[in-house]
Amino acid sequence: MTLSFQSWGRYPALPQRVRYCHWRDELARVLGAALGEGDTTLPVGNGRSYGDSCLAASGQVLRMRPLDRIIAVDWATGRIEAEAGVTLEEVLALSIPRGWFLPVTPGTRYVTLGGAVANDVHGKNHHVRGTFGRHVRRIGLVRSERAPLVCGPETERDWFAVTVGGLGLSGVIDWVELQLLPIRSSLVDSIEMRFDNLDEFFDLSALHDASYEYSVAWIDCLARGNETGRGVYMAGNHAAEGALAVDMRRQFALPFAPRGSLVNAVSLRMFNGVYYRAHSPMARKRVGYGPFFYPLDAILHWNRMYGAKGFQQYQCVVPEDAAREGIRALLEAVAASGMGSFLAVLKRCGDLASPGLLSFPMPGVSLALDFPQHDDIDAKLFSRLDAITRAASGRLYPAKDAHMTGADFRRAYPAWEQVEAKRDPALTSRFWQRVTRS
Amino acid sequence: MKRILIAGATSAIAMACARKWVDGGARFALIGRNGERLEAIARDLEARGAEHVSVHRLDMTALELHAETLQACYEALNVVDIALVAHGTLPDQRECETSVSTALREFSNNAVSVIAFLTALAQQMERQGHGTIAVISSVAGDRGRRSNYLYGSAKAAVTAFCEGLRGRLWTAGVHLMTIKPGFVDTPMTRHLDLPRALVVGPEHVAKDIVRGIERGKNTLYTPWFWAWIMPLLRGLPDSIFKRIRL
Numbered sequence: 003m004t005l006s007f008q009s010w011g012r013y014p015a016l017p018q019r020v021r022y023c024h025w026r027d028e029l030a031r032v033l034g035a036a037l038g039e040g041d042t043t044l045p046v047g048n049g050r051s052y053g054d055s056c057l058a059a060s061g062q063v064l065r066m067r068p069l070d071r072i073i074a075v076d077w078a079t080g081r082i083e084a085e086a087g088v089t090l091e092e093v094l095a096l097s098i099p100r101g102w103f104l105p106v107t108p109g110t111r112y113v114t115l116g117g118a119v120a121n122d123v124h125g126k127n128h129h130v131r132g133t134f135g136r137h138v139r140r141i142g143l144v145r146s147e148r149a150p151l152v153c154g155p156e157t158e159r160d161w162f163a164v165t166v167g168g169l170g171l172s173g174v175i176d177w178v179e180l181q182l183l184p185i186r187s188s189l190v191d192s193i194e195m196r197f198d199n200l201d202e203f204f205d206l207s208a209l210h211d212a213s214y215e216y217s218v219a220w221i222d223c224l225a226r227g228n229e230t231g232r233g234v235y236m237a238g239n240h241a242a243e244g245a246l247a248v249d250m251r252r253q254f255a256l257p258f259a260p261r262g263s264l265v266n267a268v269s270l271r272m273f274n275g276v277y278y279r280a281h282s283p284m285a286r287k288r289v290g291y292g293p294f295f296y297p298l299d300a301i302l303h304w305n306r307m308y309g310a311k312g313f314q315q316y317q318c319v320v321p322e323d324a325a326r327e328g329i330r331a332l333l334e335a336v337a338a339s340g341m342g343s344f345l346a347v348l349k350r351c352g353d354l355a356s357p358g359l360l361s362f363p364m365p366g367v368s369l370a371l372d373f374p375q376h377d378d379i380d381a382k383l384f385s386r387l388d389a390i391t392r393a394a395s396g397r398l399y400p401a402k403d404a405h406m407t408g409a410d411f412r413r414a415y416p417a418w419e420q421v422e423a424k425r426d427p428a429l430t431s432r433f434w435q436r437v438t439r440s
Numbered sequence: 002m003k004r005i006l007i008a009g010a011t012s013a014i015a016m017a018c019a020r021k022w023v024d025g026g027a028r029f030a031l032i033g034r035n036g037e038r039l040e041a042i043a044r045d046l047e048a049r050g051a052e053h054v055s056v057h058r059l060d061m062t063a064l065e066l067h068a069e070t071l072q073a074c075y076e077a078l079n080v081v082d083i084a085l086v087a088h089g090t091l092p093d094q095r096e097c098e099t100s101v102s103t104a105l106r107e108f109s110n111n112a113v114s115v116i117a118f119l120t121a122l123a124q125q126m127e128r129q130g131h132g133t134i135a136v137i138s139s140v141a142g143d144r145g146r147r148s149n150y151l152y153g154s155a156k157a158a159v160t161a162f163c164e165g166l167r168g169r170l171w172t173a174g175v176h177l178m179t180i181k182p183g184f185v186d187t188p189m190t191r192h193l194d195l196p197r198a199l200v201v202g203p204e205h206v207a208k209d210i211v212r213g214i215e216r217g218k219n220t221l222y223t224p225w226f227w228a229w230i231m232p233l234l235r236g237l238p239d240s241i242f243k244r245i246r247l
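These protein sequences, in sequence, are chains G and P. Here this note's numbering = 1-based position in the first sequence + 2. Here this note's numbering = 1-based position in the second sequence + 1.
Pulled out of the complex, with its shape left as it was, chain G reads as follows (with noise of 0.2 Å):
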């Protein structure tokens, strides 16, 4: 079989030799293997990373997915140890009935434990729990060249610092252990509001974000002068009452990716705002988890949508104090230049300190956008948006990067001589060798 591996934006377009782990004790071996045929190689999860985090700078990644048993679980105390591949959605097909949620989750249950760990991933409820990191008691990390190790916010600390968030280089994370949260109801009760302007989501987002567990917004980024930044905030807590029950949705799955990409101008403003009046001004309802957290994955492959060039997502996240007006500049570089995105989402990030020495949020609000993959983008758009994030001294998220320079992975990074000091030899992605090395 012709097996390949592609991340999740499916660009830059890499070819990558496939080599499987299935068991914890043939890891040694298969990582020898790996090495025997690329000087390097790299531990890849579900392949969710969007740019080139997640390609082995060789060409020869190491598929940790097929690691998929639960080590052990205490389901009075919510302590799960899993191999690091089981994925966030199997871990929920277990807890759910018995009580317990993720801790932290990304907008998608298709990534592993092990990519979780390793992109220190967040989501809606980062102002509360912060980054997935946090809730991560132990973490068991083969290096190519030592003795297995544990490491933990108590024991091995420097390792533990440099795995979180360490984009899978500080060795092969090959279990996790994690602290679940405690819930009655698989339901959460949202609470959706239209806002007209930018200003109106940071009036929003600072008078709501504190009673919500979860909060995001999504961005119409096409509508430009007094609606710039319009959207709808949504907001969330877990129901206190109702059943618990697993998500069972029919997925439906783009079978293939057409050559060209379905969007462009006309669907962009279509989808934009039908999106807007779609929603009321306000509205109040209790929905399953699924569709709450996971609205994409209802679309199997939906990267698929963006044609055979794929596409690229622009995440950044602005300090508090430069917020407004950095996501203002944002949306209005986005806006000019007419490449509009489909998603775009906007969250508050808080203030609680991630325990990895690369993690991406800081105190501020992320803006997320999603890019057809355009030759002329870097120049036309990204380098526009750049100087914005730059001058206002935010940062890109590396798990969603094809493009930013070294250089401003260093200034905005600059623990990552840290992160290269404790790499192990045997492992470097594209993403490394690009952002250290030019």
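These are calculated hints, taken from the structure and not from any lab test.
Residues from chain P that face chain G, not an exhaustive set, calculated with beta carbons under 10 Å:
| # | residue |
| --- | --- |
| 1 | Ala13 |
| 2 | Ala41 |
| 3 | Glu47 |
| 4 | Arg191 |
Virtual Cβ for every residue (Gly too), placed ideally from N, Cα, C.
Assemble the complex: chain G is given as a structure, and chain P must be docked to it using the hints.
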């Protein structure tokens, strides 16, 4: 609650089946060669809700130990509702063509050890008078292809053995299902250059197996389209079949 015995429990298809059976609440006895891996599977099944899992280390080619291990499994389970016989290897056909010892060893792995185990198991199941034995054979046993005929001949032996045994067990109230998977994406086949359109994952096959057992199927082709492909292939006259590079 089902009581389930699995031989070859570390195989990808067997693991996928076990996870499906766990949902209804189950007790397992797992037989396999690698103790560490059996333990990993046992912990996983227990975390997923299995009531009890016992592991039994056994190299299935050690025929003289079958009865003893089977006895231990019966002691752990008391009664066996489902026995899945899933062990096997995928031989290197080229090597089997030049080395008699390899050829016979592989035949023993895939046919002799299965027949030996089934012989012991059948007596136990006959005595208890109910339950299902599900045996993983292969579409490869339906016709000997030049690229894989050592494996194919071993699976043909298993298929024919099961056909007869099914009749015998039927009179005792025990059901036997022969499973004939096509191309499955597992560690055993990953190095092969298989036609991707025909390949399915072990979860797909496991779903078919679990349902096949519930419905009391005699022979299960999985995925379903092999039930149409194989009769066509069997119907080809030898004068043509020998010319096809399959």
